[in-house]
Amino acid sequence: MTGLAGVLSALGDDPMLAVGLTLAAFLAGQALVNLMGKPAWLPAVFVSAVVLALAIVSLPLTYAAYREGALWLTVLLGPATVALGVPLFQQMHHIRQMLMPILVALPVGAMLAVIYALVIAWALGATPHILASLAPKSVTAPIAIGITEALGGSVPLLMGSLLLTGVVATIAVDLLAGQLKVSDERILGFTLGLNGHAVGTVRAFEISATAGAFASLGMSLTGVFTALLLPFLFPF
Amino acid sequence: MLRGFLVLIGFFLAGETARLGLGLPISGGVLGMLGLVTVLVMRGQVSDGLASASKAIISVLVLLIMPGVVGIFFQADAFDGYWLAILSALLIGTVLSVLSTLLLMRWLTGPRKYQETQ
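Protein chains in written order, with my numbering: chain B, 1 to 236; chain P, 237 to 354.
Each hint should be verified, as a subset may be incorrect.
Claimed, not checked - Partial list, derived from the structure: chain P residues whose beta carbon lies under 10 Å from chain B:
1) V277
2) Y318
3) L327
4) T337
5) L339
What the hints assert, rightly or not - Label pairs and their calculated CB-CB ranges:
6) P:S295 <-> B:Q179: 32 to 42 Å
7) P:S288 <-> B:G20: 37 to 47 Å
8) P:L258 <-> B:A5: 49 to 59 Å
9) B:G6 <-> P:L323: 40 to 50 Å
10) P:S295 <-> B:D14: 21 to 31 Å
11) P:S288 <-> B:L23: 20 to 30 Å
12) P:L339 <-> B:A40: 36 to 46 Å
13) B:A40 <-> P:Q281: 17 to 27 Å
14) B:T127 <-> P:I328: 12 to 22 Å
Calculated directly from the structure, the hints in this document are not laboratory data.
Here the structure is a predicted model, which is why all the values come from computation and not from measurement.
We treat Cβ as the ideally placed atom computed from N, Cα and C, and that holds for glycine.
Just chain P, same shape as in the assembly (with noise of 0.2 Å):
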């Protein structure tokens, strides 16, 4: 699982190294991810280690945000007065996005082309 470990770490400063160096505005995770799973893809399978490895990483990821979330307690009255945008962007934004992605996959997986997908 370590050696699962050090491939994750690999793999992020490498990305950080992509970002830094080509000077691009996408987070070194995110660069490291993409190389990860291009790897994976090439080499059509994962090892033991580094799938332990992830899935321990990725159940603590709840608490590696919290710092993060426990923020907005002490930080949210430098958004006063802007409340109202802010709610209504989350709460109708939301549903017309869910409204949206449920009609369009509806509609692409309608009756017949959901038959040729089978």
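Next comes chain B alone, as it looks inside the complex (with noise of 0.2 Å):
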């Protein structure tokens, strides 16, 4: 057990280097995207994540130990979905603005957003183990991870049909808003949080602050919603 390789898998065993490898690929995955001018359909966490994916490759370090090391961030994971509560209650007075469409869109909406992707997935063959990995797919990270563990799915498939879902919904909303006629920017911003919660909600703020916030009220209101009727509804 000498050189550099015992070294680094003995450091492999060290929760710090996955934290310190999840920070690093987290900055350079941020620059890369800006270096390449923010594109709408790149997500920064996805260029982070390739970014983390080659180093835990090419480091004598596996995924299991990786993810182990890395609870010390997920942890954390628990009070940022109750921080969540903080902008919704924040943001809850534009609700009164379009209080009638939003009591009717949200549910709508959100249950359509499950339901379209859980026929689709179903009518072509996908176990129960996926359709409870796809179905809070239109739900904020924090909130989806916390649905798909009480439905049995994985979150890895999960996460990564989470950016999908927000790529896709963020372009749909840009090409088909002009081909509709929708201009309100509160409308662009719901729908935008709505299907493509954090995602969507980023590209709401570059619309204006006004489409932001409409964005980040439809993805808090579908996160808890989906999250308090899902679990029930699911085994049909």
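Reassemble the complex: the two chains are provided individually, in unrelated frames, and hints are given to aid placement.
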């Protein structure tokens, strides 16, 4: 057990290696995306994840060992989910501006986001394990992880699905809003947040502060609504 | 700000207690968040400490989800044979749900109703 490889594999047991790698990959991903001019189809977290995967593969570190070390980070997801209640409370007054449309569109839209995906995946032969991973695809990550765990799905598949959903929702809103002649920033924002969670919300803040506020409102409400309802309805 | 973190952890633990005690299939984080929103609505305001603590932890959320995201590169072969179903559900399903939300919101805020909400 001498040399660099021996030292590195001993370091693999130290959680600080996993935490440091994650932080370094996060910053590298952000820097790369900034260099590319922040394209809407490429979320920084995806680039960061590619950098992180390459780092794990090239070091004498297994994914299992990495994930165990990274528990030091993921344990914070619980309090971070609670923290989402603060912006939800701060943005609640926007609901009054569009009370009826939001109260109707939110449950219908959030349910349809789940139903379309489940019906298509089921029709093409997906297993219950896969369906449980896809179901919360439009929900913001910290809440969605809890839902998929409760349903018995795969968190990595969920995370990939979340990213793809966020990107597709963002592109779809850009393309369809013009076709349907929808220009109300509140509607665009709400649609981005409801369907595209955090990825859509970032895009909404680029449109305007109003769109961003309605996006974070749509994102939080979709998360809460889906988390409360889906675990009870899913077996069907 | 540390006081704010303690509030967040307190609500999370209360949420976990409710989840385990009542056997609910809802994460402790979501239950804690609902508790927090209820208290904030009753009080009508957020303390500075809680506002800055939640802002700080939300700003590093992406970092917290990265260990989960990177997993898909290592576990993708577990889903071999199902990628057509998965990708179709995500691509077609998301375009359909965006279309539905836009049409629904446009209809609900239609010219007449739109003026009523102003």
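Checked hints:
1. V277: Given a least distance of 7 Å, the restraint on V277 (chain P) holds.
2. Y318: Interface hint status for Y318 (chain P): holds (6 Å vs cutoff 10 Å).
3. L327: holds (6 Å)
4. T337: With a minimum Cβ separation of about 4 Å from chain B (threshold 10 Å), the hint on T337 (chain P) holds.
5. L339: With Cβ-Cβ at 7 Å, under 10 Å, it holds.
6. P:S295 <-> B:Q179: 32 to 42 Å: holds (35 Å)
7. P:S288 <-> B:G20: 37 to 47 Å: Check failed, 26 Å falls outside 37 to 47 Å.
8. P:L258 <-> B:A5: 49 to 59 Å: At roughly 50 Å between Cβ atoms, A5 (chain B) and L258 (chain P) fall inside 49 to 59 Å, so the hint holds.
9. B:G6 <-> P:L323: 40 to 50 Å: 42 Å Cβ-Cβ, so the 40 to 50 Å window holds.
10. P:S295 <-> B:D14: 21 to 31 Å: holds (26 Å)
11. P:S288 <-> B:L23: 20 to 30 Å: holds (21 Å)
12. P:L339 <-> B:A40: 36 to 46 Å: violated (22 Å)
13. B:A40 <-> P:Q281: 17 to 27 Å: violated (36 Å)
14. B:T127 <-> P:I328: 12 to 22 Å: With a Cβ separation near 19 Å, T127 (chain B) and I328 (chain P) satisfy 12 to 22 Å, so the hint holds.
Figure legend: structure checked against the earlier numbered hints; hints not met, in rising order: 7, 12, 13.
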